[in-house]
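Colleague: Sequence:
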Amino acid sequence: MAVQIDSESKLQQVPERRRVWKALVLAVLLIVLVIAVFWAAGEMIFRHGAAPLPKGADSGQVSSLRLRNLDGEFEVVAIDVGRAQGMRPTLDLGISFWAQLADFEITLLGPGGNVMWQEDFSARMAQVSAPEISFEATARGQWRLILSGRARNLMLSVAWKIEE
1 MAVQIDSESK LQQVPERRRV WKALVLAVLL IVLVIAVFWA AGEMIFRHGA
51 APLPKGADSG QVSSLRLRNL DGEFEVVAID VGRAQGMRPT LDLGISFWAQ
101 LADFEITLLG PGGNVMWQED FSARMAQVSA PEISFEATAR GQWRLILSGR
151 ARNLMLSVAW KIEE
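In case it helps, my numbering puts the sequence shown at residues 1 to 164.
Please note that a few of the clues may not be correct.
Said to hold, decoys possible - Restraint-style ranges between C-beta atoms, simulated for each label pair:
no.: 1; residue 1: G82; residue 2: I35; range: 47 to 57 Å
no.: 2; residue 1: V20; residue 2: S63; range: 49 to 59 Å
no.: 3; residue 1: G82; residue 2: M125; range: 33 to 43 Å
Note that these hints are calculated values from the structure, not bench results.
Source: prediction; values computed, not measured.
Using N, Cα and C, we set each Cβ at its ideal position, and we do this for glycine too.
Generate the whole structure from the sequences, applying the supplied hints.
Modeller: This is the structure in structure tokens:
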């Protein structure tokens, strides 16, 4: 009789193991499916979407770009600021982006290469609109907006306006 109990308990363990393996396989398949859906959504947005426009885009100049992969440094835009006698122009800048993966910083360099503004961004599947930035552009020359770091499927728009 003791032998029968052992064989019955072994028979009961086999279906329990099968249930555990089925649950584990289903969980792994579900995780793979979720990852595939997010990847496909990111690709569709990148291929067919437009870069989000920042505040001030309707009243100034706009530069938009799409980068599949960024690993390093990239000059987004160079803005020429001239100065009339006795005038102190103001540079208004708006930045917005959508990225599947972003870990970068945006830097605004003045004509002498001085860092005038810098912001770090780190996000996944995010749309970001930075607040509008305003500078007194006392230095005449070329102001450069530099993107440095890493990003995947990045759509970036920069709007700027020079008021004198």
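Colleague: Now, for every hint given, state plainly whether the structure supports it.
Modeller: So, going through the hints one by one against the coordinates:
Checked against the hint of 47 to 57 Å, the pair G82 and I35 passes, with Cβ atoms roughly 51 Å apart. Restraint check, V20 to S63: a C-beta distance of roughly 56 Å satisfies the suggested window 49 to 59 Å. The hint said 33 to 43 Å for the Cβ distance between G82 and M125, and at roughly 41 Å that hint holds.
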